[in-house]
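Engineer: Chains A and B are the protein sequences, given in the same order. Numbering-wise, the numbering used here comes out as the position in the first sequence, counting from 1, plus 14. Numbering-wise, the numbering used here comes out as the position in the second sequence, counting from 1, plus 402.
To be clear, the hints were calculated from the coordinates, so they are not data collected in a lab. Among these hints, one or two may not hold up.
[As the list claims (entries may be wrong)] Now the in silico label distances, taken between C-beta atoms and shown as ranges:
(1) A/G138 - B/S614: 23 to 33 Å
(2) B/D512 - A/G55: 53 to 63 Å
(3) A/S137 - B/V478: 46 to 56 Å
Idealized CB from N, CA, C, for every residue including glycine.
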Amino acid sequence: MPETLIEARDLTLAHGSRAAIRQVDFAITRSEIVTLVGPNGSGKSTLVKGLIGALPATSGTVSRADGLNIGYVPQNLQFDSFFPLTVRDFLCLPQRQSKADIAAALSNAGVPGLERRQLSALSGGQLQRVMLARALMMRPDILILDEPTQGLDQPGAAAFYQQIAHVRDDLGCAVLMVSHDLHVVMAASDRVLCLNGYICCQGAPEVVQSAPEYRALFGDGSAGAFALYRHAYDHAHEPNGHA
Amino acid sequence: MLDDFLVRAGLAGIGTALAAAPLGCFVVWRRMAYFSDATAHAAILGVALSLSLQGPIILGVLSTALVMAFVVQALVGNGLAQDTSLGVLAHSALAVGLVAVSFLTGVRVDLMGYLFGDILAVTRTDLALIWGGALAVVGLMAWRWQRLLTATLNPDLAQASGISARVEGMILMLSLALTVAVAIKAVGALLIGALLVIPPAAARPLVRTPVSMALVTAGVGVTAALGGLLCSLNFDTPTGPSIVCVAASMFLISLLASRVFKRALAQG
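Construct the complete structure from the given sequences, taking the supplied hints into account.
Structural biologist: See below:
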């Protein structure tokens with residue numbers, strides 16, 4: 015029985031008076047890759063906030079393993095232009111890191127030598143990689159990525175997913191990813207959860223076709239990292255019922 | 403040395419500027435300018451309270467500032483208080499305080515001193531309180547620095563690392579109340595907000611990291627405090643506003659200098 019890292023039971027989370035997710039049961043175990051999909055407003059980010067403890071449960075429980083190290087990559091990083099922050103400063107939040115470790119982390123993330131750049135001056139792709147580098151420096155038991163490929167073009171997204179698969183293999187950490195793209199998820203996902211205010215379905219990603227046109231687009235380097243997960247909306251998502 | 407009122411005034415100005423520097427940076431980064439105004443304005447209510455209860459002024463100021471800070475924090479946390487509500491609170495706090503002071507019959511109150519500061523009348527006891535408070539604020543900020551930065555950058559990111567954004571917010575509220583209590587003697591309730599916001603704004607174009615911003619802010623604040631004191635002596639102007647005027651001039655110079663420098667850089 016693999017170790018359970020985070021478990022939610024009968025979890026209901028609300029924004030204001032409106033319940034964003036209702037009665038969700040969820041668990042993720044070590045070195046498992048789970049992808050959370052669902053349309054906009056389906057409560058994906060809300061569930062993630064609940065799992066990391068940023069949003070108190072309206073009802074139900076969330077339990078995290080003792081001393082769990084979470085490497086979190088937020089959906090975006092908006093901050094005031096009066097906030098000066100170099101990449102090095104960012105990688106030192108919340109724990110100070112040595113220069114050598116920072117250089118190595120940036121290099122591993124594919125963005126070497128950015129230490130002295132302002133965080134606000136990075137491109138979308140660079141910022142994603144720097145945020146990933148920061149999360150990995152925490153030696154996480156679980157990596158949580160909220161829409162990590164937002165702002166990346168498709169080859170960039172493909173490369174990013176491939177890197178996540180490597181990270182899991184290298185560190186043995188669990189990975190929880192949020193995506194609003196129902197069609198493209200990692201073939202490496204062990205489980206895909208479809209959320210629409212509740213978990214409407216879940217299971218192993220069903221590889222419907224090998225999609226040669228995608229491979230052509232992403233290049234041979236991404237072979238195997240991608241597959242079409244043809245979930246689409248082939249079943250109705252009723253507001254409070256079941257699929 | 404402390405017998406000289408000028409030396410005491412100078413030291414009071416330096417202490418106030420040092421307390422305001424790191425906190426002011428967070429006020430700017432978190433866009434809490436109105437927030438700090440509301441807290442500072444509530445200090446007048448604290449003055450009225452202290453006078454009517456015949457207690458020490460600093461205690462009244464500290465406690466009302468603390469209450470106001472946490473009330474505002476709770477409202478903001480609930481998503482109730484945005485720009486307008488904060489404005490309502492800030493100005494109402496001041497008005498209620500002024501009305502409360504006017505009810506105090508039989509007490510001669512130098513209201514101007516509390517509104518605009520009275521740094522030339524700083525006593526040894528005041529000085530001890532100012533420096534005690536300033537060291538407490540700076541110590542608190544230094545202790546929580548990394549955690550405060552993380553929570554300021556992104557509350558969820560902080561939470562995922564086991565840092566409670568709520569606790570760090572409360573640390574800032576406590577520091578804000580302390581700073582208000584420290585600064586009321588030097589610049590007065592009306593201009594504490596200016597002392598919190600203008601020096602970091604002046605420092606921003608010159609720095610690239612949070613730590614250097616806090617340090618340059620402290621430098622700007624101390625220069626403004628001492629410069630304002632000198633202006634006030636030479637031109638017989640009110641000291642608190644003079645300090646803020648010097649800070650504002652430094653902001654303007656820093657802004658222009660960075661523009662010119664950037665243009666020069668762009669032209670090679």
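Engineer: The structure should be examined with respect to each hint, and the outcome stated for every one.
Structural biologist: Now for the hints, and whether the structure bears them out:
1. One distance hint, 23 to 33 Å for the beta-carbon pair A/G138 and B/S614, holds here, with the actual separation near 27 Å.
2. In this structure the hint that B/D512 and A/G55 lie 53 to 63 Å apart at CB holds, the actual value being about 57 Å.
3. Remark: the range hint 46 to 56 Å for A/S137 to B/V478 is contradicted by a beta-carbon distance near 33 Å.
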